[in-house]
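Protein sequences, first through last, are from chains A and B.
For what it's worth, our numbering labels the leading residue of the first sequence as 10, then goes sequentially.
For what it's worth, our numbering labels the leading residue of the second sequence as 10, then goes sequentially.
One or more of the hints may lead you astray.
Which copy is meant is left open, so a pair is good if it fits within one copy or across any two.
[Said to hold, decoys possible] Cross-link-like lysine-lysine pairs, in silico, DSBU-like; alpha carbons within 35 Å at most:
| id | residue 1 | residue 2 |
| --- | --- | --- |
| 1 | Lys-305 | Lys-130 |
| 2 | Lys-206 | Lys-145 |
| 3 | Lys-130 | Lys-291 |
Rather than coming from a laboratory, the hints here were simulated on the basis of the structure.
Below are the chains, spelled out letter by letter.
Protein chains: 2
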Amino acid sequence: MTSEFDLIRRYFTRPASRTVLGVGDDAALVRVAAGRELAVSTDMLLAGRHFLFEDDPFALGHKALAVNLSDMAAMGATPRWALLSIALPEVNERWLSRFTEGWFALADQQGVALIGGDTTKGPLTLSVTIMGEVAKGQALRRSGAKVGDEIWVSGTLGDAALALAYLQRRIQIAPHDAAVLLPRLHAPTPQVKLGQKLLGLAHSAIDISDGLLADLGHILELSGVGAQICVAALPVSENVRGYLHDEVARNAVLAGGDDYELCFTAPAKQHDAIVRMGRRLKLPLTCIGEITRQRKLVVLDENNHPLTLKEQGFDHFA
Amino acid sequence: MTSEFDLIRRYFTRPASRTVLGVGDDAALVRVAAGRELAVSTDMLLAGRHFLFEDDPFALGHKALAVNLSDMAAMGATPRWALLSIALPEVNERWLSRFTEGWFALADQQGVALIGGDTTKGPLTLSVTIMGEVAKGQALRRSGAKVGDEIWVSGTLGDAALALAYLQRRIQIAPHDAAVLLPRLHAPTPQVKLGQKLLGLAHSAIDISDGLLADLGHILELSGVGAQICVAALPVSENVRGYLHDEVARNAVLAGGDDYELCFTAPAKQHDAIVRMGRRLKLPLTCIGEITRQRKLVVLDENNHPLTLKEQGFDHFA
Chain A
10 MTSEFDLIRR
20 YFTRPASRTV
30 LGVGDDAALV
40 RVAAGRELAV
50 STDMLLAGRH
60 FLFEDDPFAL
70 GHKALAVNLS
80 DMAAMGATPR
90 WALLSIALPE
100 VNERWLSRFT
110 EGWFALADQQ
120 GVALIGGDTT
130 KGPLTLSVTI
140 MGEVAKGQAL
150 RRSGAKVGDE
160 IWVSGTLGDA
170 ALALAYLQRR
180 IQIAPHDAAV
190 LLPRLHAPTP
200 QVKLGQKLLG
210 LAHSAIDISD
220 GLLADLGHIL
230 ELSGVGAQIC
240 VAALPVSENV
250 RGYLHDEVAR
260 NAVLAGGDDY
270 ELCFTAPAKQ
280 HDAIVRMGRR
290 LKLPLTCIGE
300 ITRQRKLVVL
310 DENNHPLTLK
320 EQGFDHFA
Chain B
10 MTSEFDLIRR
20 YFTRPASRTV
30 LGVGDDAALV
40 RVAAGRELAV
50 STDMLLAGRH
60 FLFEDDPFAL
70 GHKALAVNLS
80 DMAAMGATPR
90 WALLSIALPE
100 VNERWLSRFT
110 EGWFALADQQ
120 GVALIGGDTT
130 KGPLTLSVTI
140 MGEVAKGQAL
150 RRSGAKVGDE
160 IWVSGTLGDA
170 ALALAYLQRR
180 IQIAPHDAAV
190 LLPRLHAPTP
200 QVKLGQKLLG
210 LAHSAIDISD
220 GLLADLGHIL
230 ELSGVGAQIC
240 VAALPVSENV
250 RGYLHDEVAR
260 NAVLAGGDDY
270 ELCFTAPAKQ
280 HDAIVRMGRR
290 LKLPLTCIGE
300 ITRQRKLVVL
310 DENNHPLTLK
320 EQGFDHFA
């Protein structure tokens, strides 16, 4: 019989970098570098709600960490340490092995040490806490947007929503396109490097997990400002453009969740520096509008007419 | 309709002390004091496994935080910050209100700020991450026990196991005794102050969540030592002594979980200092045996004969 302690030893215990004491005591111990503060965030993922029980456990291991790394990216923090709690209906070593492979592939690439967690029996549930370092007073907050700031997004938007529609058989997609699209939902790329490079350039940032309108809305609310964005400027992938009618595509881009790109605001004088930085990172960065004094979010359609907005994103209790 | 954001604002957002940035951004920001390291630990609690759905939500709010504070106590760390993720089958504001009252009553008493978390819909699940500060290099580890150390426990053991037997109707208990007993299971007192006072006195410590034998066993394994303890010396409450037959009481004390007392080892020369410290804290501290070179755990019965041990504690996947 495999005990909880055997499982932890076998699957969750790896040498932990930059860590005083890792898995195996009442608590882990870490040291935050001088001049840094600690950024900390947590996410809970439930089978049947945030993912499917039959999802590939390798991709799930990646995604559970990726969505948390995305929060570090949105603060401009350098991710260092993570804790992973997992409830499992039964000990399935094949599943655990693949899950932890997916986790550690991304964790090793990002230099994130697994320093603690919990395992228990129950409905499949993941709870991840991530911790990172950022120079004191420099973190990118949602509350920092200033009137006149340009609004930017990284990558393309709506791909995860399209992938979900495909998985739910609401749309048909050619296999070679699906092969490009599905990782956008199952294995999102957290924009950690971008977040770090934005320190000193951007005034505010958020990661797009609930949809552009909802997440930009958080920046506006906490900054006490408004915004005007142009549909024509939104970065849309070939897949979203090719497989969705214009209006459906627009909804996917404005309100689709799970893309895990960054939305940030920066003074207009940084425009060229941001464009150059995007080129260096080989990452599309698109200016989609600007921050306004009037506290509302105006979306202009292709003819510069304000859109009436219904779907403003995803609420976990709606 | 109550949105996730309304819930977070109403129930989970309080002014956070010693915190640069609390609930409401992509991550919280905290500063670890110079000369300190960060102790961090996490626990996941599931309805039906770690507590009952019908449990008093006030007590549950207390317990969810208390079991995490107990991990800080076992390190000698001063708890500072917590994150709370919660999955709920439905928005029940009465439940949430009582739960957060229980949480914050203990959090305020212990000076712990709630700085983040997650809320989602799903089977009732709690996941708590706790962070505390401890002087660099001073934390109490499981691996520090030395041959010749005395072994100590705080408080009394077996009370939570007796309370559970009572709730499961396996035993009858008079109401005035049950009133004393039940809080030992539902609202355990984490020995945070004791843990801090043990810094510099004790060589190793652990909190007793899975039962004395199992938890002391972790110290022995990680320290590469053995132990001899005496049943006659074990601290037993009036209730455990009064309501359980000798052998059952012994099992409850040796293997009962959920007491959240501390077990620690310290050099014999600290004996008097520890006794005095217990008096100052008004907390019984009992020397129950000593650390030995031979790597096994010997339990001597009332006649100084070694006991044969079966139940060694609780494994979450057994």
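How the hints compare with the structure:
Taking the shortest Cα distances, Lys-305 and Lys-130 sit within 35 Å of each other only across copies (30 Å), while inside one copy they are farther apart (47 Å). Taking the closest pair of Cα atoms, Lys-206 and Lys-145 come within 35 Å of each other both inside a single copy (16 Å) and across two copies (31 Å). Taking the shortest alpha-carbon separations for Lys-130 and Lys-291, neither the intra-copy value of 43 Å nor the inter-copy value of 38 Å comes in at or below 35 Å.
Hint 3 alone, counting from the list given before, is not met by this structure.
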